[in-house]
Structures are given as structure tokens and as C-alpha cells.
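Asker: Below, each chain spelled out in residue letters.
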Amino acid sequence: AQKITQTQPGMFVQEKEAVTLDCTYDTSDPSYGLFWYKQPSSGEMIFLIYQGSYDQQNATEGRYSLNFQKARKSANLVISASQLGDSAMYFCAMSLTTGFQKLVFGTGTRLLVSP
Amino acid sequence: DGGITQSPKYLFRKEGQNVTLSCEQNLNHDAMYWYRQDPGQGLRLIYYSQIVNDFQKGDIAEGYSVSREKKESFPLTVTSAQKNPTAFYLCASTGGLTGNTIYFGEGSWLTVV
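Keeping their order, the protein sequence lines are chains A and B.
Position 26 of the first sequence, counting from 1, maps to 26 under my numbering, and the rest follow consecutively.
Position 75 of the second sequence, counting from 1, maps to 75 under my numbering, and the rest follow consecutively.
In case anyone wonders, no lab produced these hints; they're calculated from the structure.
You can take every hint at face value.
Pair by pair, the computed Cβ-Cβ distance ranges are:
(1) THR5/A to THR5/B: 26 to 34 Å
(2) PHE47/A to GLU15/B: 29 to 37 Å
(3) ILE51/B to ILE46/A: 25 to 33 Å
(4) GLN14/A to ASN18/B: 47 to 55 Å
(5) THR20/A to SER22/B: 35 to 43 Å
(6) PHE12/A to GLU62/B: 34 to 42 Å
(7) ARG72/A to PRO8/B: 40 to 48 Å
(8) LEU11/B to ILE46/A: 16 to 24 Å
(9) PHE12/B to PHE12/A: 32 to 40 Å
Listed next, the in silico DSS-like pairs over lysine-lysine satisfying Cα-Cα at most 30 Å (straight line):
(10) LYS57/B to LYS3/A
(11) LYS57/B to LYS71/B
(12) LYS9/B to LYS102/A
(13) LYS83/B to LYS102/A
(14) LYS3/A to LYS73/A
(15) LYS102/A to LYS70/B
(16) LYS83/B to LYS3/A
(17) LYS102/A to LYS71/B
(18) LYS102/A to LYS57/B
(19) LYS57/B to LYS73/A
(20) LYS57/B to LYS14/B
(21) LYS73/A to LYS16/A
(22) LYS70/B to LYS9/B
Given the structure is predicted, the values throughout are model-derived calculations rather than measurements.
Heads up, the beta-carbon is just placed ideally off N, CA and C, and yes, glycines get one too.
Work out the full structure: start from the sequences and follow the hints.
Answerer: What follows is the structure, encoded as C-alpha cells:
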């Protein structure tokens, strides 16, 4: 069975600083994808970044990068130059890339960016 | 603009009543999903559909039912058999079995009164 673990219930960061949100995963399947989603207080889930298990390089999307360490089964999200609008819940998720795309989610990390 | 539309945003239900949450997408996606989110928790899969007229149970399907008569639509009915239905419900879709991005609607808040 697949499992996602996010051990940080809450994180604080000052505006313009970088922050790392931790995510570890567990699966015996060699082919999988890892996702990060942002959920503001409005509730919608906003896709941030994706990393495939066979991707050689770490994924980057603007201020977001995914620190993928396959041997450690970790997929940490790095947000550079934090902004006040980054305050939200962040979820790490995993899916198998064989068969249908069932996403398994972690419990999330609440990020608060202070001025 | 393409996207997923969920309605209503907020819904109150009396105990013993069935309610239906709407989910419509214009992304031409094959697969659609319903997730439930409880406070402080991640999302759990209720039902999913890979193609029209076909759907499968997810991890917490008891007390819920779905239909997929059209590619664009995947309504979720919360029945009176669901013992604790108060939650946030999210609909999602993806562009087929190998799509690497799952898009979500804005969600529906259901409260039992």
C-alpha cells in the first residue's frame, strides 16, 4: 500500500526567506508520481509541482522546487522567496503511474508567512 | 476558461435526507474523482470513474453513490446511510490514465444539521 507522511503540522517563515516542507513516501511500486498541492482557506486545491519516479532531475516551477531523494523516499517542497500569499495548507500526494491515477495524500503542513 | 465546477459551495442537510453534489468539467478529461476532506486531514477517495458509464469504489464509498452518464458530469449523492457526512467534498479530473496532473474543483462544504 502507498503512504505519504508529512511530519510538520505547521511551519513559520518570514517573507522573502526560503522554506522547506517535508514529505516522505512509501511504495513498493517502481513507477509513481509525486505531487504537491496548495490549499488556501477558500478550500480549492491548487497544483504546484510534479515529479515522476524516473525523472533524472528535480522538478522546478517558478519559486517551487521539489527536492527528490529517491533512496530516502523523500520529496520535499522548497519555496524560495516566500510571499504573504504563500500562507496556506500544503499537501504532498503520490500516485502510481500504472493503472488509474489514484492520489494518496498526506495530512498536510500549514505554512504561515509573516511580514 | 476550462475547469471544474462544483455546486453548491455550501449545503446544509437534515439527518435522513439524501443530497447530491454536482461536478462538471469542460477539460475533456476521461477520469473523474470524488474526495472527502475532514478537518486537519488529507483527502480520501470516495469514488472514481475512468470512462462514461463506469465507476469504481474508492476507500470510503459506504453511504455514497455516483453516476457517470456524460463525460463532463460526475455527480455525488450523499445518502442517509452515510453516518458522518459533514465534511468538505472535492471533485477532480485528469486527462486519462497516464495524465500527470489532477485538477480539482473549488469544493463543496456539506453540513448536517
